[in-house]
Every structure is written in structure tokens, then in C-alpha cells.
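Protein chains: 2
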Amino acid sequence: MRAVIPYKKENAKSRLSSVLDLHEREEFVELMLKDVFNTLRSAGIENIDVLTTSRASIAPDLDVGIIENEKGLNEAINQYLASIDEPVLIAMADLPLLAPCQVMDITEKQTDVVIVPGKGGGTNIIRIMQPSRFHVKYYGSSFLNHYAIAQECGMSVHVYDSFRASTDIDEPQDLVELLVHGSGLAKEYIKERFSMRSGKGRVAILSDTCRIASE
Amino acid sequence: MRAVIPYKKENAKSRLSSVLDLHEREEFVELMLKDVFNTLRSAGIENIDVLTTSRASIAPDLDVGIIENEKGLNEAINQYLASIDEPVLIAMADLPLLAPCQVMDITEKQTDVVIVPGKGGGTNIIRIMQPSRFHVKYYGSSFLNHYAIAQECGMSVHVYDSFRASTDIDEPQDLVELLVHGSGLAKEYIKERFSMRSGKGRVAILSDTCRIASE
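For the protein sequence lines, the chains are C and A, in the order given.
Sequential numbering of the first sequence, starting at 3, is according to the working numbering.
Sequential numbering of the second sequence, starting at 3, is according to the working numbering.
Honestly, the hints are just simulated from the structure, not real lab data.
For clarity, every value in this text was computed on a predicted model and none was experimentally measured.
Be aware that one or more of the hints could be misleading.
No distinction is drawn between identical chains; accordingly, a pair holds when it is met within one copy or between any pair of copies.
Listed below are the simulated DSBU-like cross-link pairs for lysine-lysine, each with C-alpha atoms no more than 30 Å apart in a straight line [as the list claims (entries may be wrong)]: (1) 73 / 193; (2) 202 / 36; (3) 36 / 111; (4) 10 / 193; (5) 193 / 139.
With the sequences and hints as input, model every part of the structure.
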């Protein structure tokens, strides 16, 4: 099993700009990438590639294959899928709650495809046994896209049900899940900058410099 | 195993008032209650109670025991827990993605307590083998509260990891998860009133009467 993590650092996570400045967002996404890498490696995946538009954005000490591709996300991943002939797991770089046990669970499923939904109709992880038979279509309701693509290709699909694997970090409110349930590098980074504000409803984050998180 | 569903219909889900009027919200929560009831019953739980401030708010055809209690959520549930001497599953009434397989999974865990986190630090389900040894503390970061309470009581705890069981419906954005992943009465109700609007980020809901859903 091979893994690929699509990763973009420059001006990443713009929807977090109400709570993290540009430099902080770029530091944060780098730590999330390391968390995802550590989880995949702890789950026993040796060959981990990072698909990026800029080689320089990858920390030199990260034991990954770097695939540089200027093309858009879908085109770059589909070119990657066409270039390999072993089972592959595509994991997004913003899954700091993902744990090794979920990765092992996902890789052991017998179906042709395993899809882990993301928040708001997205896709956090796809595991494909025969990459050449599949193509990705991220953005919009990508979960429904990928489910339909697998069915059109006559591939069996398992939708993997995990709160941790389905928690991607895109918006300020997502940082609460990291503070409550996280334990890695990205969690520590956010813990140093935010605290939690409890009320009757959902917990909100409170920036330590009193920049109240507005969603 | 007994189940109890805390349920309040009057002016429910005020945070959905930007997309559903009062009458719609009350219809919607009633359908979500039926979805949760159907799931618990399909999972083999015979004795299902509804803990409510108003008996009249429960549909007469729902095969449940009705426990009327004017007190606040925590006090009412703690009184309930003190009154029963069998394992109990407390399920919130706004879990329309919950499936029977998750309920069976949760009831079969061997730990003293099983906690299913909700979004934003909440608690969606607690299963307690010995109710008299436990007490609840909902609101705020209730997941961390309940985890600490179990530990203080020397009770073993399992945190159950499920995207479906952890998806509670409180805010407009949550309705997207229902449209993408749901299949019950509440899903149909929302499907009749909203469509999905795709962009590069997460899918948003679009009211069919063009009341754009604002979070």
C-alpha cells in the first residue's frame, strides 16, 4: 500500500484567516502534514508521497517522496494515479485527528474502494485497490462524486464511518475538535494560541489575544 | 438495555431559525426524534423512554415510555438515572444519521461507559452499565465533562468513533451532512426545502425559496 498526500502550503487555509495570520496558517498546515505523515507511518505505510506545487514547501526531514506538479488538484492526482500500479491511499493533509488504527482499518477493507467522507460533503481519504481504474473529482460535493465514480466503474465501495477520520480542519469552528480530541503537533500549536469558551451550545474557540473567532 | 431520549419540541433548534421558521423547526425535531426511535428499535432496544417537559409534544403513535419532568436537562436525566437499575443508553434526539449497527456496536462494548462525542465538544450518546454510579453534565464541553466524571468514578470508558453517530444537527451547515449522508424522515423533510450549493469549499445549503443559508 502506497500513500499520497496532496499538500499546498502557500497561503493555505484562507478560511482560517480570521483567527490565524498568513505565517501562522503556513506553520499550522506544515504541522498537520507531519501529524498525517506520522499517523500513516505508524500504521505501517512505508511509501508515502507528497504531491505539491512546490518542493521547497516540504520540510527536508520528512521521509517522503516529493512529486511536484503545477497542475490543479484533480489533474495532478489523476496523473499520479495513472503512474502507479499498486493499491493507494489518498489522504488529505488536514486530518490531525486521524489515528493509525483507522488507517489500518481502511487499508484492510476488501472492497475496491474505501471512501472517508469529510465535513460538508467533502472527501478526506480514498483508498483504491486499482488506481488505474479510478479518477478523482475533488471540490463541491466530492464525496457524492467519488461514490458515483466508483459505482460507474463497477467498483465495490465501503464508506468508512469515523468521526476522527472525517474531521478535516478548514474553518475556525473545526479547531474546537482539535482542542477537544487532538493529541499531535497541530493540537499543541493551536492550544498555545486558543482556549475554549463554553456556553449552552457548542464550544467556541477564544483566541488568547482576544481575537474572538468568528466563523 | 434501556434507552432514554431527552426531547424538547417547543421552540427547538433556535440556531436553525435563519433557515427554518418555528413551525418547521418543531416539525423537523419531531421527525428526527422518530428517526432516532426507529434506529434504536431496529437495533433491538425494546424499552425506549422519552424524557420531556411536555407529554403533549410526543406523537401518540410513538411506542415509548413518556417521562415528564419540568427540571433542566441535567437534573431531569440524573433523576432518571437514579430511578433505574439496568444498563442505559442516553441518546440525543437530533441524530438522524445514527444507524442500528452503531447502536448495537455501542451496546456491546464491555467498558462501564461508552461516550459518543458530538460536534463542538458535545456529547451525543452515553451508554452506562450502572446508571446509579454516574451523573451527567451536559452543555459546554460536555464530552470532556463526561469523560472526567467516568474517570473520577473509577469507571472504564470507551470513546466510540463514528462520523454518523457524532453528527448532531444544530446549525444550518449541519443540514448538509443530512442531505449528503441521510436516509430517514428528517432527510426527506430537509430535501423538500433545500438544495446543495457546491463551490471549492464545503457544500452549503440553499433554501428553495432562495433564503440563502447563513451560518
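Going through the hints against the structure:
| no. | hint | in the structure |
| --- | --- | --- |
| 1 | 73 / 193 | neither (35 Å within a copy, 36 Å between copies) |
| 2 | 202 / 36 | between (35 Å within a copy, 24 Å between copies) |
| 3 | 36 / 111 | within (25 Å within a copy, 33 Å between copies) |
| 4 | 10 / 193 | within (23 Å within a copy, 35 Å between copies) |
| 5 | 193 / 139 | between (34 Å within a copy, 24 Å between copies) |
Violated hint: 1 only; the structure is consistent with all others.
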